[in-house]
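Listed in order, the protein sequences are those of chains D and U. Going by numbering that gives the first Met the number 0, the first sequence opens with residue 0, and the numbers climb by one from there. Going by numbering that gives the first Met the number 0, the second sequence opens with residue 0, and the numbers climb by one from there.
There are no misleading hints in this set.
Below, a list of computed lysine to aspartate or glutamate pairs in the DMTMM-like style, where the Cα atoms sit at most 25 Å apart:
| id | chain 1 | residue 1 | chain 2 | residue 2 |
| --- | --- | --- | --- | --- |
| 1 | D | 20 | U | 90 |
| 2 | U | 128 | U | 116 |
| 3 | D | 75 | U | 159 |
| 4 | U | 69 | U | 153 |
| 5 | U | 59 | U | 2 |
| 6 | D | 75 | U | 90 |
| 7 | D | 20 | U | 96 |
| 8 | U | 129 | U | 165 |
| 9 | U | 129 | D | 74 |
| 10 | D | 230 | U | 68 |
| 11 | U | 129 | U | 174 |
| 12 | D | 20 | U | 127 |
Derived from the structure by calculation, the hints contain no laboratory data.
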Amino acid sequence: MTFSMQRMYAIFVKDLKELSKNTFVLTTIIMPVVLALFFGRGDAVPLEVHFLVFNTAFAAVAAYIQSVAIAEEKEKNTLRGLMMSPATTVEILTGKSIVSMGMTVLTIVLCIRLLGFETANWLLVGAGMAVSLVLFTAIGTLIGLLTRTLMEASVVITPFIFILGMGTIFAEMLQGNVILTVAEYLPNFQLEYLAAAVESGAATGEIAGHFALLLGWTAAVIAATALVYRKREMGSE
Amino acid sequence: MNESIRVEGLEKVFGNERAIDDITFSVGRGEIFGFLGPSGAGKTTTIKILTGQLRATGGKAEVLGIPAEKVNTPDVLGRIGVMTDTSGLYERLTVYENLAFYADLYGVSNKRKRIGDVLDAVNLGGEEKKKVSSLSKGMMQRTILARALLHEPELVFLDEPTGALDPVNAKHIHEGLKELNRNGTTIFLTTHNMQEAELLCDRVAFLNGGQVRLMDNPSVLRRQFADGTIVVELVSGKQVSLPNRPESARKLHDYMAAGQVASIQTNEPTLGDIFVDVTGRELA
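Please build the complete structure, drawing on both the sequences and the hints.
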């Protein structure tokens, strides 16, 4: 299999140019920054709120940008031209993912500054965030493959933004409810629990458990994305 | 290898519908080959199979000596150009940005000059700074064509390349395609514009109901289907049809000797007439 940095870079630059002119997308991705501005004005921002903002950034920036970038290529019939060029699927998805991930990293860094977030172990928390970044980008890719238009992708991703982005905010309301027991396995809860475990100096085993669940989610979504892609390729819609 | 495309017994079935039914043809290197037929005849399906976008359900197809199902590799895709009816452009970007993006994907050297050249060839010189969203349908079609030709492919697939164009721009495209062909590019063209096919194609195939009904050089087909009748228009305005028989020669001689002949025309059918004759269907 060949991989061309030049082609991947061309896709990255093209997507960045397109994105910078897409006001519809830009208005959605400022959502976590607005949340960070709002919550960052408080004196002591709790960990749950920090991770509510970070998870919202993963869902509303990484997953959202990735999904609409792919869905819009299908809507405007540009994906066909791209697939008929020498660019491989890996180059196309990598180029697009770098844009989504890059925008997310910038948003997260901005949110960290606005919220004044600090942690006892940047390496562990950073690693958890990096896994989440890959996971949410893969979720965006999957939604992009399953939807046909920018609008459809925007509608489909909305529940993901609420559940996987802002879902942890409802934890207090759901105390003792079976829904919470299940929801606690979701990646946004796991990232927050991982950070909480790091802050409380929990045992390595507990931290590793949260990591393993995050990695498991990531592997499952990547596998589902590959499966859907193959099916779409064979079907050649 | 003297063939750019070789197709043998190709079939494509969608559910219960047989879109392509046992078609066989080949396209020589440097040839302009016209694939003619009405909507739904199987033209676009054939292009999709030949460009690796669809899998055939039967038969064999080779493009540039490579099985069609293996065309989807960067090396092969870099040697072919495709313009289909569903090709799209990035509407938020300019004409130049769209072409520059593809020039980078194809590794085109001297990008700026090459983009200028292809835009001139499709009569879009000076329009490179225009946003695609502000272009007319015809200009978009010409931009897509420019994109297909950007990397100077060995073989181009053009699906109705002048469908949305006015006669002036269609003429420009025809000249551009002839020039491209003179430089050695093989052109596989689908159209239902018979004049375009007569003007450009070295050979044409009539496709109807997923089958090739007839295939040859347009002039040969016209002669083959001509009934040999000539139509003489007399100075008086009267038209006389003379069938291909010895007594017609005498009549023609008499008209000429008497100075009564205003014009003489052969009664050759157009490709459109032949298509209707062979398939019983109109092309449009």
